[in-house]
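Keeping their order, the protein sequence lines are chains Z and U. Residue numbers for the first sequence follow the working numbering, so the first one is 1 and each next one is one higher. Residue numbers for the second sequence follow the working numbering, so the first one is 1001 and each next one is one higher.
Read the hints as simulated data drawn from the structure, not as lab findings. Any given hint could be a false lead.
What the hints assert, rightly or not - Some chain Z residues judged to face chain U by a derived CB distance under 8 Å, without partners named: (1) Asp249; (2) Gln401; (3) Gly405.
Please read all numbers here as calculations on a predicted model, not as lab measurements. Glycine included, every Cβ here is placed at the ideal spot set by N, Cα and C.
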Amino acid sequence: MTKLHSEAALRRAGRLLATASVAAAAFAFANAASAQTLTIESWRNDDADVWNTKIIPAFNKKHPDIKVQFKADPPTEYNAALNARLAGGTAGDLITCRPFDTSLDMFKKGNLVSVNDVKGIENFSDVAKSAWSTDDGKTTFCMPMASVIHGFVYNKEIFDELKLTPPKTLAEFHAVLDKIKADGKYTPLAMGTADQWEAATMGFQNIGVNYWKGEEGRKALIDGKQKFTDPAYVDVFKELATWAPYMGDGYKAQKYPDTQNLFTLGRAAIYPAGSWDVPIFRKQADFEFDAFAPPVAKAGDKCYISDHTDIAIGINAKSKNADAAKTFLSWVASPEFADIYANELPGFFPLSKDKVTVKDPVAAKFVGWRGTCESSIRNSYQILARGTPNLETELWNVSAQVMNGAMKPEEAAKKVEDGLASWYEPHKK
Amino acid sequence: MTDLTATSVQRADAVPVRARFPVHIAVFLAPALAIYTLFSIYPLIDTIRLSLYAGDETGARSFVGFQNFQTLLGDPNWSGHFWNALRNNLIFFAIHMVVQNGIGLGLAMLLSLPRLAGGSVYRTLIFLPTMLSVVIIGFIWQLILNPLWGIAPSLLKAVGLGSLFGPWLGQESTALLTVSLISVWQFVGIPMMLIYAALLNIPDDLLDAATVDGAGPFSVFWFVRLPLILPTLGVVSILTFVANFNAFDLIYAIKGALAGPNFSTDILGTFFYRTFFGFQLQVGSPTMGAAVATAMLIIILIGVLIYLFGVQRRLQRHTF
């Protein structure tokens, strides 16, 4: 009796197992046949929402057979996490590319493939592609997506209350800061040095382009014709040193989110910005804000802006869905993507040659400077960040120290130049 | 016949000798040995092997001998950061030894007072931060000490000491001390518990005898209790040493991988992280990172050896 029973049970279990395995096999087959899934690796975790609700659905309208997944790491962990996943062979199909050497390095190690043959690459100028091309400019390995522009965002209500006009020259800039400080109700300049990068990016690179005349100075630095100890660069550090009294209490321990909150809570008047801050301010600030370009030395001087090629997307060489990935990249190069990206994430400006209308007025103002000022990229990114000590990291360190009053402008310039000269031939003379 | 018996006896004797091979020891050792070999010994040896290689830009690796170590100790661009990290690490360790273990010992003494009400409540509360995630600890303390909206500046102002407040986490002179004290706050429960357990182990007769012999509370502590808990203090010290020289998470959570301002909170862990994984535009180097990791291993090894041969062997253990 018991034996019979158990035999029946065993048979039942066997049948169940058989059915289950057939079902699983069928399911797997259906899965493989229906859709290819692309996974995007990115550091823009702030933008996950826009990708999931706008960009990917728009892509799927055209290509319903390709599934796309957006997977983001925090910006500071992205490079490390991505490299670990690439080494382990578990990285996604599409890789968001940082500009210049970080991505060039991935290409040289065979983690990224050339995108020269991907349809749509012809929509980009050489300058737009430069950040993701080999040194000879022949091979491009990421499809350019967007650049970011530096400038200053200001609280319009505070400016109206104190009867201030946005400054155009350095003298006016300091006059405005003095007035806000004299009034005493608001912090004149929202900025902190705890995270260090703001001092270099929103400080040094932001205002610096006017001192070293954009591309002219950047190229001269690469050729070794200019040095960081030249007056133009020392003057940038000198200007940064004068900002300290206008910054909030305890700015030395103030981090980037603190700075953003200080401004969006209406407690600070001027915010040295990257255009990527615009969508965040749009969401959080309940007052009107506007932007002004980095001030020039004298009225009528030619103005320059840091219009930095910041983000692109490439294909993982180990991707099993290379064709689908190419289809996605072609779509990224299309005007449709440029339009969605520019308007859903105002502050990231498409690099393609197509004309895109930016609807957000502040973001439009940023991108409008492309017409009146000359664009340049950050001077520490191309070639110069290849050695040890790393130039970008050095700039973060000394800019923060200059603003903290721990280092004199001349010392900062000397430290950066010495570091560069220790490994970079054109600067050794 | 007799011969035959003799040999058979001999054989019968020999078999149990061979069977006495302690199979059970091997069986008991196997799981731990396998797991440690796979997850600890092999990675350790492979790290040391990797530190003798260098990668070129295509990612291909070649054997270079001790060149990575020469760079690490000889090139001022590397050695400056290395010695700075080591010095900061020693300060970090010294603060833990003095403050964390000192307070831990004091708290354990207080907890072992015979007439203490609510001892288990204190014990739990003091131990609680140890169980919290480092990320949470870092976040909470950054908020508390935040010069813009933290409660530390307003608390100090409320008692009229507002002028004493500074952006402690952002100043080169105070950042390392502040981060160390946050870590002390988190982990003070561990030495407290270990020492408390050791104190409870001391039989009351010994203390009573000392008291009868005329020893005051201080003498009882100094001449009776302290010698008896010395082995525990040794264990606490070596645990602190190893944990501090492997530390990374709290500093990464509070100051980031750049460990600012001006690398004043940079310890070996953060230095290793930047070297191995890279930072912003600096491309990471697994081989150079392995060299840093090997250097860390050697430093920790030296510390542990000094402890084992210099301290551990001289300690007397008492069982009651």
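(message) Please list, smallest to largest, the hint numbers that this structure does not respect.
(response) 3
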